[in-house]
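Produce the complete structure using the sequences and hints provided.
There are 2 protein chains.
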Amino acid sequence: MENKIYVVGMGPGKEEMMTGEALSVLDQADVLIGYTVYLQLLGERFQEKEKMSTPMRQETERCRLAFEEAKKGKKVALICSGDAGIYGMASLMYEIGKNYLDIDIEVIPGITAASSGAAVLGAPLNHDFCVISLSDLLTPWEKIEKRLIAAAKGDFAIAIYNPSSHKRKDYLQRACDILLAFLEEERACGYVENIGREGTKAVTCTLKELRNQEVNMFTTVFIGNAGSEIINDKLITKRGYQIERDTNICGNN
Amino acid sequence: MENKIYVVGMGPGKEEMMTGEALSVLDQADVLIGYTVYLQLLGERFQEKEKMSTPMRQETERCRLAFEEAKKGKKVALICSGDAGIYGMASLMYEIGKNYLDIDIEVIPGITAASSGAAVLGAPLNHDFCVISLSDLLTPWEKIEKRLIAAAKGDFAIAIYNPSSHKRKDYLQRACDILLAFLEEERACGYVENIGREGTKAVTCTLKELRNQEVNMFTTVFIGNAGSEIINDKLITKRGYQIERDTNICGNN
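Here the protein sequences line up with chains E and U, keeping their order. If you count the first sequence from 1, position 15 lands on 15 in UniProt numbering, and the numbers rise without skipping. If you count the second sequence from 1, position 85 lands on 85 in UniProt numbering, and the numbers rise without skipping.
Source of the hints: derived by calculation from the structure; they are not laboratory data. Keep in mind it's a predicted model, so treat the numbers as computed, not measured. Each hint can be trusted.
Note: identical chains are not told apart, hence a pair may lie in one copy or across any two.
Each computed BS3-like pair below joins lysine-lysine, with the alpha-carbon atoms no more than 27 Å apart:
id	residue 1	residue 2
1	Lys98	Lys201
2	Lys74	Lys49
3	Lys14	Lys4
4	Lys201	Lys4
See below:
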């Protein structure tokens, strides 16, 4: 593992939801680098490992730290929640890696919230889907809005990450209002809180009801496509064996 | 596990890319049901287990088989490649489950090709993205076309599943032609073959070049968004730390 940094997706949090590959990389690492909350989620198995962290929003510093530790000859694993390549640190590592060309990067995939949340809720992403983050820290809101509209027009099932935070309390409501301009109020939806951690909570509802739900930064939201149904309190998007009803929402495409 | 069927995502194929949870469920199962190719990918660990299968395209029969075996009191694991809830059997199980209300269903998520392929290629899905299958076995081609257009207009990164098969040799070419009406020829793209199996092959290229690549049913294709770049032969979609260049492709939204 010399002169190579592993960027590791740890999945939703529980060790049993990590892959064998990810566990093996962490076992072999000299130092585990990550956001403090994720490092804490790692259980006893990694208690003795050296751990290093930078605060939230100091992701660039965290990546540099990983390269600097690797330069010292340490085997470094940079840990991300979910999948390292889905809103994770993988791309930033490759960008910063331009300055550390003698150090290789390998991404170890993990279970992202779209997969783990969908499994709790039923099968909401069982056909073509989009993943959209409502966080406008790194993306202009206009771009997020444009993507919500495109997703609705394309009749995609949608997984929404980061639907809310302390500073963005009404963002899910704003997103639902945008979607409601294209989709029916009764569209089948749902959300999952604390996936793969203590206190997992799954709720199915209509799009109109979703608009008024209280969600937080640990919630993943799912919007069905035109053929999605709630069956026995599970949100189900069909594979396409049935003929989906025509939604007529794409007339201007 | 009585009266409960586990619908298990096995990831791309290698045992080390399965989660501990998935392995544990398979360990405890009496019978493993799945498409023959996936059953064969399971290694020695499960050699002694009873295995049952139905041919390709007989997915409905496979689900019924799972319920019938569970009714006999067996602990059943229905196995899908990748994630069971992403083009997998999860939603069909819930639909057929309407006729077997005394049997519970639990979905165990796995690493889907969007995650595992992205990890091989770099970080192509490190911002909002769409997953689209080009298979028109269960979806009208017009719907696929509509989704490709929506994905392009929304400036999503795109993962394309099932880009080709014996009967659909030119489908990736057709998809590229649709995208090229909205995206520049130089758009950063890539594809991965045989992810997590023998003979993994990763290629980066432009959208124009992608149009003429030979791909097969074991290929996953990735189209970057407007800000994606190829860095040291890796396809990188930025998290958004940089201001993305304006693409002006969405004037009619």
